[in-house]
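In case you want the letters, here they are:
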Amino acid sequence: MNNSATSFVSAVALALAVALGSGVPARAELNVDITQGFVEPLPVAITDFYAETLEESKTGKDLAGVISADLERSGLFRPIDHGAFIQDAASLRKGPRFSDWRLINAQALIQGSVEMQPDGRLRVNFRLWDVFAEQQMTGLAYFTTPSNWRRVAHIVADVIYKRLTGEDGYFDTRLVYVAESGPQNRRVKRLGIMDQDGENHRFLTAGNELVLTPRFSPTTQEITYLSYISEIPRVYLFNLNTGQQEVLGDFPGMTFAPRFSPDGNKVIMSLADNGNSDIFTMDLRTRGVKRLTNHPAIDTSPSYSPDGRRIAFNSDRGGSQQLYVMDSDGGNVRRISFNQGRYATPVWSPRGDLVAFTRMSNGEFYIGVMRPDGSGERMLTKGFLVEGPTWAPNGRVLSYFRQTPADSRGRVTSKVYTIDLTGFNERELATPIDASDPAWSPLIP
Amino acid sequence: MRFKLLTLFAAALLVAACETAPEETAAVDTSGVVEQPAAQPASPGGPTPGSQEDLLLNVGDRVFFAFDRSDLNSDSRATLEKLASWMTTYQNVTITIEGHCDERGTREYNLALGERRSDAARDYLVALGVDGGRVTTISYGKERPAVLGSNEDAWAQNRRDVFVVN
Numbered sequence: 361m362n363n364s365a366t367s368f369v370s371a372v373a374l375a376l377a378v379a380l381g382s383g384v385p386a387r388a389e390l391n392v393d394i395t396q397g398f399v400e401p402l403p404v405a406i407t408d409f410y411a412e413t414l415e416e417s418k419t420g421k422d423l424a425g426v427i428s429a430d431l432e433r434s435g436l437f438r439p440i441d442h443g444a445f446i447q448d449a450a451s452l453r454k455g456p457r458f459s460d461w462r463l464i465n466a467q468a469l470i471q472g473s474v475e476m477q478p479d480g481r482l483r484v485n486f487r488l489w490d491v492f493a494e495q496q497m498t499g500l501a502y503f504t505t506p507s508n509w510r511r512v513a514h515i516v517a518d519v520i521y522k523r524l525t526g527e528d529g530y531f532d533t534r535l536v537y538v539a540e541s542g543p544q545n546r547r548v549k550r551l552g553i554m555d556q557d558g559e560n561h562r563f564l565t566a567g568n569e570l571v572l573t574p575r576f577s578p579t580t581q582e583i584t585y586l587s588y589i590s591e592i593p594r595v596y597l598f599n600l601n602t603g604q605q606e607v608l609g610d611f612p613g614m615t616f617a618p619r620f621s622p623d624g625n626k627v628i629m630s631l632a633d634n635g636n637s638d639i640f641t642m643d644l645r646t647r648g649v650k651r652l653t654n655h656p657a658i659d660t661s662p663s664y665s666p667d668g669r670r671i672a673f674n675s676d677r678g679g680s681q682q683l684y685v686m687d688s689d690g691g692n693v694r695r696i697s698f699n700q701g702r703y704a705t706p707v708w709s710p711r712g713d714l715v716a717f718t719r720m721s722n723g724e725f726y727i728g729v730m731r732p733d734g735s736g737e738r739m740l741t742k743g744f745l746v747e748g749p750t751w752a753p754n755g756r757v758l759s760y761f762r763q764t765p766a767d768s769r770g771r772v773t774s775k776v777y778t779i780d781l782t783g784f785n786e787r788e789l790a791t792p793i794d795a796s797d798p799a800w801s802p803l804i805p
Numbered sequence: 004m005r006f007k008l009l010t011l012f013a014a015a016l017l018v019a020a021c022e023t024a025p026e027e028t029a030a031v032d033t034s035g036v037v038e039q040p041a042a043q044p045a046s047p048g049g050p051t052p053g054s055q056e057d058l059l060l061n062v063g064d065r066v067f068f069a070f071d072r073s074d075l076n077s078d079s080r081a082t083l084e085k086l087a088s089w090m091t092t093y094q095n096v097t098i099t100i101e102g103h104c105d106e107r108g109t110r111e112y113n114l115a116l117g118e119r120r121s122d123a124a125r126d127y128l129v130a131l132g133v134d135g136g137r138v139t140t141i142s143y144g145k146e147r148p149a150v151l152g153s154n155e156d157a158w159a160q161n162r163r164d165v166f167v168v169n
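Keeping their order, the protein sequence lines are chains A and B. Position in the first sequence (first residue = 1) + 360 = the working numbering. Position in the second sequence (first residue = 1) + 3 = the working numbering.
Just so you know, these hints were derived from the structure itself, not from any lab. The structure presented is a predicted model; accordingly, all values stated were derived computationally and were not measured. There could be a bad hint or two in this list.
[Unchecked claim] Taking lysine to any residue pairs in the SDA-like style, the calculated list, with each CA pair at most 20 Å apart, reads:
{"id": "1", "chain 1": "A", "residue 1": "K775", "chain 2": "B", "residue 2": "P52"}
{"id": "2", "chain 1": "A", "residue 1": "K742", "chain 2": "B", "residue 2": "R107"}
{"id": "3", "chain 1": "A", "residue 1": "K742", "chain 2": "B", "residue 2": "R147"}
{"id": "4", "chain 1": "A", "residue 1": "K775", "chain 2": "B", "residue 2": "R147"}
[Stated by the list, open to error] Here are some of the chain A residues that sit facing chain B, going by a computed Cβ distance under 7 Å:
{"id": "5", "residue": "S541"}
{"id": "6", "residue": "N545"}
{"id": "7", "residue": "M614"}
{"id": "8", "residue": "A617"}
{"id": "9", "residue": "A657"}
{"id": "10", "residue": "I658"}
{"id": "11", "residue": "S661"}
{"id": "12", "residue": "A704"}
{"id": "13", "residue": "T705"}
{"id": "14", "residue": "T718"}
{"id": "15", "residue": "P765"}
{"id": "16", "residue": "S768"}
[To be verified] Computed far set for chain A versus chain B, every beta-carbon distance over 12 Å:
{"id": "17", "residue": "R453"}
{"id": "18", "residue": "D460"}
{"id": "19", "residue": "P478"}
{"id": "20", "residue": "P543"}
{"id": "21", "residue": "L572"}
{"id": "22", "residue": "E591"}
{"id": "23", "residue": "M629"}
{"id": "24", "residue": "D643"}
{"id": "25", "residue": "S796"}
We put the beta carbon where it would ideally sit given N, CA and C, even for glycine.
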């Protein structure tokens, strides 16, 4: 829960001398090609980080465990069982015996060390080796407060992921979501937040009022969400550092479906006036309100493109619920969804190249993606009820929730899942109780 | 506004609805009109006049909608006409109309749809002469189903407006 950890983490490139094996022929650099649909996970050896003392050794083991779990969960890497390792930790300190690692088919080797500094900080360093090229790919050291070791592990995993895939990582992130309990008709909903691997979980609200659809600010430690405080559904801001909640604006009707603009300066949302929902923005500094749509149809679920120039939204102006894109001033509205069924919850990818959505067709729900012009539509997963995609900050992985049909006593199960953009590697993200409405944070600053 | 035509139609009905509004002091309802709203004083064990129980018993506390629709059918209009008459009788009563949806939609769209449903009923009540200031609306989207289960029957009963005496 160390939000102020940034200042404690200072990364310094070690500029470690590259240990070049003399007679090694030049070969293509180790690289994971993730533009393909299904990727055979790359076998990697992640050794426990070396330490002199027992306590530091435990941290070293934990660090390797978190890094290993991050990489494994991405579906792109297969950590090799430690029992297969030939070279021991002590001799690894003097340098890898690459033949030992090649023998167990490790494509990459990750080693590191942990050492308590005189000033009480923990020094963590790691090296990533290309086993077959016998070259160091990267090596970094971090200084941090000891309690912050888990974040350092995620940061290291991000560096490794980026070095091996060429894409930004997403492990040093969190998800805010709605924690659920109770039967269908008396469902208690609370805001919850956790690291992307499910650790450091905590509840943000007590469950006294209904809360829905939390979303992260791209720039600040704030979330925006819908709450029924005093039985009035309105958009709120929640400051994660102070715990303070603040209603956003004073509107005559319900405000809902909030999302931040990419620069974090505005919240875009729906306002219901006399039964009709249109899309508005509120500038968070001036509190100025601007109307973007003015149509007797339902206009909701707005989501900005990452450059802030366009907005995807959901409307039934054509007779049924479909996806539309408009310019950020509300002009140039065009429909982008045309296949069978109803479409909802468009969410623009952080990379800008795709819009994720929920589709309902023939009694089933789907999570899919399409290009912002409506072409290239592809379904990633389906079920009785899957809804509400959100993007990891690298635009590579999505999260959403999946709800089971209720039994006659109103018992339902709702869980958050992650899935690769290719539709492979679908996994449940374990939460203490039922979960819905996940929203991925940006990389923690 | 899609309710313009509806409003004109409703206004025509208004006269009939108010014509036979019963006296609150009447000891017994002798009008013989079954559709008359509750004007009876509380009989022993009966609901308090103007209460939620009274509304439930003598008007009905909900109307239903077709899938992804917010237009009122003839049953719904009949219920709302009784409700308008009942509210004419109990002038101090204010109500909240809750708009609800089934679970076969997405959360945000259903919030908008529930809003539209609650407003459809409110519009009709206002057209029937009820002071709009006495009727507030709230949408719960798909968050508060009335009937448990995930089947067509449950969904049909969950697509509803519910009238709640404040």
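Failing hints, ascending? 1, 3, 5, 9, 20, 21, 22, 23, 25
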